[in-house]
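Peer 1: This is what each chain is made of:
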Amino acid sequence: GAGVSQSPSNKVTEKGKDVELRCDPISGHTALYWYRQSLGQGLEFLIYFQGNSAPDKSGLPSDRFSAERTGGSVSTLTIQRTQQEDSAVYLCASSYGTSIYEQYFGPGTRLTVT
Amino acid sequence: GENVEQHPSTLSVQEGDSAVIKCTYSDSASNYFPWYKQELGKRPQLIIDIRSNVGEKKDQRIAVTLNKTAKHFSLHITETQPEDSAVYFCAASIQGFVNQFYFGTGTSLTVIP
Numbered sequence: 001g002a003g004v005s006q007s008p009s010n011k012v013t014e015k016g017k018d019v020e021l022r023c024d025p026i027s028g029h030t031a032l033y034w035y036r037q038s039l040g041q042g043l044e045f046l047i048y049f050q051g052n053s054a055p056d057k058s059g060l061p062s063d064r065f066s067a068e069r070t071g072g073s074v075s076t077l078t079i080q081r082t083q084q085e086d087s088a089v090y091l092c093a094s095s096y097g098t099s100i101y102e103q104y105f106g107p108g109t110r111l112t113v114t
Numbered sequence: 001g002e003n004v005e006q007h008p009s010t011l012s013v014q015e016g017d018s019a020v021i022k023c024t025y026s027d028s029a030s031n032y033f034p035w036y037k038q039e040l041g042k043r044p045q046l047i048i049d050i051r052s053n054v055g056e057k058k059d060q061r062i063a064v065t066l067n068k069t070a071k072h073f074s075l076h077i078t079e080t081q082p083e084d085s086a087v088y089f090c091a092a093s094i095q096g097f098v099n100q101f102y103f104g105t106g107t108s109l110t111v112i113p
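Chains as they are written, first to last, in our numbering: chain D, 1 to 114; chain E, 1 to 113.
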C-alpha cells in the first residue's frame, strides 16, 4: 500500500513568510509524528498526534510553530514568520499507535529560508 | 524529560568486522527502544527494536542488547558489509498514553571495503 507522503518535497521561502507543510500518513495509522532534521544532525522531536489530539506540544521550538491534524489523517505543520534557522528537513512519520510502534517515515520536506 | 545520548558519532570499520553503537537514556520509565537506519538522502527505516521485558534480540547480523539497570542499550552489527554504511539512530520511548520518541544524535557508520 501507499506509504507516508509529504508535500511539498522542497520549499524555498523568504524570511518572514509563513509556510505550511503537509503529511499524509499511512491509512489506519492513528499516531503521527513530526521531526526536524538539520543538516548532518539528529532527529529533533517536534510534536506527536494520537488521533487528532496532540498530548504534548513542548517539542515545538517556538510559538511560531503550530500543527494540526484533522479527521485522524492528514496533518499540517505551519511555521509563521520563518527565520533562517528554520531551514531543515521536516520529517513526518506515522505508526499504528498501539501495540505496534514501528514508525514509517515520509520522504521529508526540505525547507530553505532565504 | 527523557535524554538519549549516543556514541560514537562516527565509526569506521573494515568490511567483515563488527560495529557497536551505544546509547544511554535517563528515564527509567522508557520501555521501547528502536534503532533506525538512514542511508544518505533517504528516510529513516526501522531495523530492529527491543522492549524492556527483553534483554537481547537478534535478527541475522544485527542484535540489540538492553541493560535496564544501567539504562543503556547497544546495537551490534556483525560481519559488516559496505551496504551497512549509513547513519544509525537509537531512540527511547514510553509506550502508553503518550508515545513520545526521543532520538539519539546518530552514528555515521562507514564500512571500508
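Watch out, some of these pointers could steer you wrong.
[Unchecked claim] SDA-like cross-link-like pairs, simulated, lysine to any residue; straight-line CA separation at most 20 Å:
1) E:37 / D:39
2) E:37 / D:57
3) E:42 / D:88
4) E:22 / D:74
5) E:42 / D:68
6) D:57 / E:100
7) D:57 / E:94
8) D:11 / E:100
9) E:37 / D:89
10) D:11 / D:64
11) E:42 / D:8
12) E:42 / D:83
13) D:57 / E:43
14) E:57 / D:101
15) D:57 / D:68
16) E:58 / E:79
17) E:37 / E:84
18) E:37 / D:101
19) E:42 / D:3
20) E:42 / D:73
21) E:42 / D:5
22) E:37 / E:70
23) E:37 / D:104
24) E:37 / D:8
25) E:37 / E:111
26) D:15 / D:83
27) E:37 / E:7
28) D:11 / E:41
29) D:11 / E:43
FYI, nobody ran anything at the bench for these hints, they're computed from the structure.
Peer 1: Work down the list of hints and note, for each, if the structure agrees.
Peer 2: How the hints compare with the structure:
1. Between the alpha carbons of residue 37 (chain E) and residue 39 (chain D) the distance comes to roughly 16 Å, so the proposed pair stays at or under 20 Å and holds.
2. At roughly 26 Å between alpha-carbon atoms, residue 37 (chain E) and residue 57 (chain D) are farther apart than 20 Å, so this suggested pair is violated.
3. Simply put, residue 42 (chain E) and residue 88 (chain D) have alpha-carbon atoms about 15 Å apart, close enough for the 20 Å limit, and the pair holds.
4. For a cut-off of 20 Å, the pair hint linking residue 22 (chain E) to residue 74 (chain D) is broken: about 35 Å separates their Cα positions.
5. A distance of roughly 26 Å separates the Cα atoms of residue 42 (chain E) and residue 68 (chain D); the hinted pair therefore is violated under the 20 Å criterion.
6. Between residue 57 (chain D) and residue 100 (chain E) the CA atoms are separated by roughly 11 Å; this keeps the pair inside 20 Å, and the hint holds.
7. In summary, the hint linking residue 57 (chain D) to residue 94 (chain E) is supported, as the alpha carbons are separated by about 16 Å, within the 20 Å threshold.
8. Between the alpha carbons of residue 11 (chain D) and residue 100 (chain E) the distance comes to roughly 27 Å, so the proposed pair goes past 20 Å and is violated.
9. Restraint check for residue 37 (chain E) and residue 89 (chain D): satisfied, since their Cα atoms lie roughly 17 Å apart, inside the 20 Å limit.
10. At roughly 17 Å between alpha-carbon atoms, residue 11 (chain D) and residue 64 (chain D) fall within 20 Å of each other, so this suggested pair holds.
11. For the given pair, residue 42 (chain E) sits about 16 Å from residue 8 (chain D) by alpha-carbon distance, which is consistent with the 20 Å threshold.
12. For the suggested pair residue 42 (chain E) and residue 83 (chain D), the alpha carbons sit about 25 Å apart, so the restraint of at most 20 Å is broken.
13. Between residue 57 (chain D) and residue 43 (chain E) the alpha-carbon distance is near 24 Å, which puts this suggested pair outside the 20 Å criterion.
14. This hinted pair checks out: residue 57 (chain E) and residue 101 (chain D) have alpha carbons roughly 16 Å apart, not beyond 20 Å.
15. For the hint linking residue 57 (chain D) to residue 68 (chain D), the alpha-carbon distance of about 11 Å falls within 20 Å, and the restraint holds.
16. Pair hint residue 58 (chain E) plus residue 79 (chain E) holds up; C-alpha atoms about 14 Å apart against a cutoff of 20 Å.
17. A distance of roughly 9 Å separates the Cα atoms of residue 37 (chain E) and residue 84 (chain E); the hinted pair therefore holds under the 20 Å criterion.
18. Restraint check for residue 37 (chain E) and residue 101 (chain D): satisfied, since their Cα atoms lie roughly 16 Å apart, inside the 20 Å limit.
19. Note on residue 42 (chain E) and residue 3 (chain D): the hinted pairing holds, with a Cα-Cα distance of about 14 Å set against a maximum of 20 Å.
20. Simply put, residue 42 (chain E) and residue 73 (chain D) have alpha-carbon atoms about 23 Å apart, too far for the 20 Å limit, and the pair is violated.
21. Between the alpha carbons of residue 42 (chain E) and residue 5 (chain D) the distance comes to roughly 13 Å, so the proposed pair stays at or under 20 Å and holds.
22. In summary, the hint linking residue 37 (chain E) to residue 70 (chain E) is not supported, as the alpha carbons are separated by about 24 Å, beyond the 20 Å threshold.
23. A C-alpha spacing of about 12 Å is found between residue 37 (chain E) and residue 104 (chain D), which places the hinted pair at or below 20 Å, so the restraint holds.
24. For the proposed pair residue 37 (chain E) and residue 8 (chain D), the alpha carbon gap of about 24 Å is over 20 Å, so the pair is violated.
25. In summary, the hint linking residue 37 (chain E) to residue 111 (chain E) is supported, as the alpha carbons are separated by about 14 Å, within the 20 Å threshold.
26. Among the hinted pairs, residue 15 (chain D) with residue 83 (chain D) is consistent with the structure: their alpha-carbon atoms are about 5 Å apart, no more than 20 Å.
27. Proposed proximity of residue 37 (chain E) and residue 7 (chain E) is supported: the alpha carbons are some 15 Å apart, at most 20 Å.
28. Distance restraint check for residue 11 (chain D) and residue 41 (chain E): the Cα-Cα separation of roughly 16 Å lies within the 20 Å cut-off, and the hinted pair is therefore satisfied.
29. Under the criterion of a C-alpha separation no larger than 20 Å, the hint pairing residue 11 (chain D) with residue 43 (chain E) is consistent with the structure, at around 18 Å.
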